[in-house]
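S.K.: What follows is each chain in one-letter form.
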Amino acid sequence: MTSTDLLQGLTWQDVGYLTPEITLIAMAVLITLLDLALPDRINRAFTGWLSLIGILGSLGFVSWHMLQLGGGAADGAVPGVVRLLGDSYRVDGYASVFKIILLSASALIILPGISAVQRDDRVVDKGETYTLLLPAVAGALIMCSTADLITLFVGLELLSISTYVLVGIRKRSGLSQEAAFKYLVMGGISSAFILFGMSYIYGVTGSTNYGAIGGAITGALADYEALVYVGFFFLIGGFAVKLAAAPFHAWAPDVYQGAPASVTAFLAVVTKGAFLAALLRFLFNTALPQLHTPFGEDILLAFKLLAASAMIVGTTAALRQRNIKRLLALSGTANTGYMLVPLAVGVGSFVQWSSAAELGYYMIAYALMTIGVFTTHLVISREAGHDEMNGYAGLYYRAPWTAWAMVILLLSFAGIPFTAGFTGKLFIVLGSVKSEDYWLGGTMLLTSVISYYFYFAIIRQMFTRAAETEKRILLPPSSGLTIWICVSATLALGLLPGLAMNWMDRTISVLRDILLG
Amino acid sequence: MPETIPWLTFLVFAPLLGVVVLLLVPRRQTRLLRLIAVAAALLPLALSLWLFGQYDAAVPDQFREQAAWMNVALNREALSGSVTSFIYQFQYDLALDGISLPLVLLAAFIGCMAALASVNIRKRRKSYYVWFLLLETGMLGVFLARDLLLFFLFFELTLVAMFFLIAIWGYFDREKAANTFLIYNGLGSAVMLFAFILLIYTAGFQAVEAAGSVELIYSGSYDAIAANLLNPEAYVNLAPNLMDGDNPFYMSGEMRWTVFILLLVAFGIKLPIVPLHTWMLHVHKEAPVPVVMIHSGVLLKMGAYGLLRFGMFLFPAEAREAAAVIAWLGLASILYGALLALRQHDFKLVLAYSSLSHMGIVLLGLASFNEIGIQGAVFQLVSHGLISALLFLIAGSIQERTGTTELAELGGLARSVPFISGVLLAGGLASLGLPGLSGFVGEFLSFLGLFESMKVVTVLAAAGMVITAAYVLRSVLGITFGPLRESGEELRDARLIEAVPMIALLAFIILLGLYPSVLTGTTADSLQAFLSQLRVGG
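Chains H and F are the protein sequences, given in the same order.
Residue numbers for the first sequence, in this note's numbering: 1 to 517.
Residue numbers for the second sequence, in this note's numbering: 1001 to 1538.
It is worth saying that the hints were derived from the structure and are not from the lab.
Cβ coordinates follow ideal geometry from the N, Cα and C atoms, glycine included.
One thing to keep in mind: the hints can contain errors.
[What the hints assert, rightly or not] Think about it this way: if two alpha-carbon atoms lie no more than 30 Å apart in a straight line, the pair counts; the simulated DSS-like pairs of lysine-lysine are:
1. F:Lys-1126 <-> F:Lys-1285
2. H:Lys-471 <-> F:Lys-1126
3. H:Lys-126 <-> H:Lys-171
4. F:Lys-1176 <-> H:Lys-471
5. F:Lys-1176 <-> F:Lys-1123
6. H:Lys-126 <-> H:Lys-182
7. F:Lys-1176 <-> F:Lys-1126
8. F:Lys-1285 <-> F:Lys-1176
9. H:Lys-471 <-> F:Lys-1123
[To be verified] Output of the computed footprint for chain H on chain F, the stretches with three or more beta carbons under 8 Å from beta carbons of chain H:
10. 1154-1162
11. 1170-1181
12. 1192-1204
Can you build the whole structure from these sequences, using the hints too?
M.R.: Written out as structure tokens, the structure is:
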């Protein structure tokens, strides 16, 4: 990559391909201005709806680009790729798939959050939430598209810094402040780690572009083997902190507990998803061309160990947890472990494959169940006044339909058939068997069974314990809608996983999207 | 869709039809709810009896229904251009053979009897019947599914339904029992799923060549896997050195053993085999009566069925080498179960340990590797299903009347409730293997089959039968005769609705005891393929 390429500048057509990100930023600016200009007495609920419109608009642009590039078409045509800014920013099938997942998840998080933010006295400036949420989503989108370390860092920081503030958005809550401080410190350190690793990688390969790094790494390994390892491991370590993958997960329960439930859901779904999507692309281009060399095997081994420890630590730590938000933080760690498996199993020699579809599929499943459970929790915790598990006691009597919805979502978490969680795990284990990492697949199934203990504990609370009051719980319509969207999608994917898998297979091309070369 | 009428689908989903109707009925209509549930349980029984009449022992897999459920594309791209797609194929595939048939009949029959016995359920009847019928769909499906994943789906359906049935409607310690059940069986399911995935990945792999293109397919189809394992040309049997040193789908000898052992452990938990049995005791003690009837009568049989269908039929060579281990495990279950049953103070626990002991006999029959022994094992499954369902039903009736199943607090019931006591006595005699009742036939055939190959084990196991007689007589006679306790003075004998399932179960126990060929006839032909394979291999 020469310097003239990088200075090429954007043409108007290129800007057209950036519309998803631009829409989000423009909407954030609009909301900020309106929030500042309008008098206080005007209810700020409209800012939530505006942000939802912005996200749906962005979703529309992404889908349009995907179709335009030929992804998702059934005729088997190979989708095209748009490279912007000297191949540092790619609009391709891979990016489209993950952008669609993350944008849909964001929309489902905002929808029930609007009324929750309005009712939350501890959030002082209601409009601020969305001013910050939209840039965070834009950062996530950038991370899906990036093919360059610098762009990656820009997206990553945009996402991280916005979420630091979002965690502390309840200015009148001590817990929220504590969480924000912890998240800021941990996030800052991990960003520093990532940047430090990047600088080494740039130093030894002479490039920040993934494709160029992949090409230069053989030479770099010959000359500066230790420095290459340092660079990669700092970068992976920093990512592991952001992903809350054990043993770098200790911040997650505190932060998840302190943040408002919608922000927690955002951290659990969108942040994780964006980091995983970025990590897969980075890994496939830089380390996997080195497969069957000691370096490539070491990197994959690091991912395998990270995945296994996230599954084991997350699951066992959650066993004694009675606070729902902390429980979901730890189960999120375990689920991160599951989603790291597709990254860790690499590519095979017999047939070229990527595990991107498995990752994407499980991410959809995880997003649906996490958002569904958090939305329910939003309602239940307000009724109960706390986040403890016994707030769910007797939910069957107080809101039978919601209790049944929770059962389906929790069964999906536990990986019981007929849910998306089961098929997602099935495909991941199938992938791990393919690369002959039997122990990894075995660990995954084993920790799933151990996780039955706490998922079913919530079910027992709902169905076998008596409630303190018999008062019916009424769900706000937006919450009910979100929950049932999540439940029906979970069931639909559990029965017909082909819906999502075939779409991703048609859209993502290993050779064009993921291996840049 | 097949042009013929999909009878098996009707059979499996008949209870689900009941669920749909139940959901439309208001929860206060308790009589109507019960009526619908019993009708929904009668429907599969009628269908399975009809299928039994239509069944032709000479034809291998009957009433077959196959439909592609889904073809899931895995995101793989071949470096060589000819490979066009790489898919995971999941089939909806049901079939009936001589091994499924008796177990389907058993499941439908016990399900119906348990539905009748559900009158004692007094709370949340509507959701009870919903879970109950879901459980029935699951267990019927397990015995008919011919796709690995489909089998697993039905298997897990029973797991979830059982969890709710125990946790909500069980006795005092129900939540703990439900949890123990869930974790143990979840573990078994996970092990089974892992074995299945290994099988699908190796033996289920096919490369289908069409004009100029190659489709790579993973399939969970039981027939495809069985055929591939037998076919020396299939990828699963081609050693890497025959294929330029790289064949990821090859199943090495070690891998075969691993899968076989995983299956043995998975189904061994369900069966249960001795060190893996503790969960069963909690369930038998705490679950509501109809659920225990189904659990002991049908669900335990799923373990034996899975072991036979997936463990032994797919890996005959490994199973044959492991026959001695299986037989000794069976013996351990028999003796351990019998000895502990002798020491129990609670009638339900006597029955629970007795189940463990009787399932050991099934293992002995399977380990014989000849027609008589395996027939005996299948027969024993059905027979024990009937007997244990009957005994648990009676235990439930006694508990309802006296409030206890402690042996020390029961006695002399023959005077106050003669009918229940009489049936209990008959059930006890069937359990200890009195000739003329069904228990005898299963035990006798299993022992006879095993005696050919393992005389020592057979003799020791037969000695275990003496202990069986001792614990059965000790508990049954203690309950029916002896001094009448205060608690037992003013009891009502069985109502009609309780008597009906008791009589029906007992009638079948006697029928099978007198005419065992009703069942053995159907089983024999289905075993031929397996046995001929053994003769070639062994």
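S.K.: Can you confirm whether the C-alpha distance between Lys-1176 (chain F) and Lys-1123 (chain F) stays at or below 30 Å?
M.R.: Holds, at about 20 Å.
S.K.: Just to make sure I understand the rule, a stretch counts as covered if three or more of its residues have a C-beta closer than 8 Å to a C-beta of the chain. Does the segment 1170-1181 of chain F meet that for chain H?
M.R.: holds (count 4)
S.K.: Going straight from one Cα to the other, do Lys-1126 (chain F) and Lys-1285 (chain F) come out at no more than 30 Å?
M.R.: Holds, at roughly 24 Å.
S.K.: Is the hinted pair Lys-126 (chain H) and Lys-182 (chain H) satisfied, with a Cα-Cα distance of at most 30 Å?
M.R.: holds (23 Å)
S.K.: Check the hint pairing Lys-1176 (chain F) with Lys-1126 (chain F) against an upper bound of 30 Å on the C-alpha distance.
M.R.: With a Cα-Cα distance of about 24 Å, the restraint between Lys-1176 (chain F) and Lys-1126 (chain F) holds, given a limit of 30 Å.
S.K.: Taking 30 Å as the top limit, are the C-alpha atoms of Lys-1176 (chain F) and Lys-471 (chain H) close enough?
M.R.: holds (28 Å)
S.K.: Verify the proposed pairing of Lys-126 (chain H) with Lys-171 (chain H), using a straight-line Cα cut of 30 Å.
M.R.: holds (11 Å)
S.K.: Please check whether the segment 1192-1204 of chain F has three or more residues whose CB lies within less than 8 Å of a CB on chain H.
M.R.: This one holds; 6 residues, not fewer than the three required, reach chain H with a Cβ under 8 Å.
S.K.: Against the 30 Å threshold, does the CA-CA distance of Lys-471 (chain H) and Lys-1123 (chain F) hold or violate the hint?
M.R.: holds (20 Å)
S.K.: Quickly compare the C-alpha distance for Lys-471 (chain H) and Lys-1126 (chain F) to 30 Å and report which way the hint goes.
M.R.: holds (21 Å)
S.K.: Holds or violated: are the alpha carbons of Lys-1285 (chain F) and Lys-1176 (chain F) at most 30 Å from each other?
M.R.: holds (11 Å)
S.K.: Closer than 8 Å, Cβ to Cβ, for at least three residues: run that test on the segment 1154-1162 of chain F against chain H and report holds or violated.
M.R.: holds (count 4)
The structure shown violates none of the earlier numbered hints.
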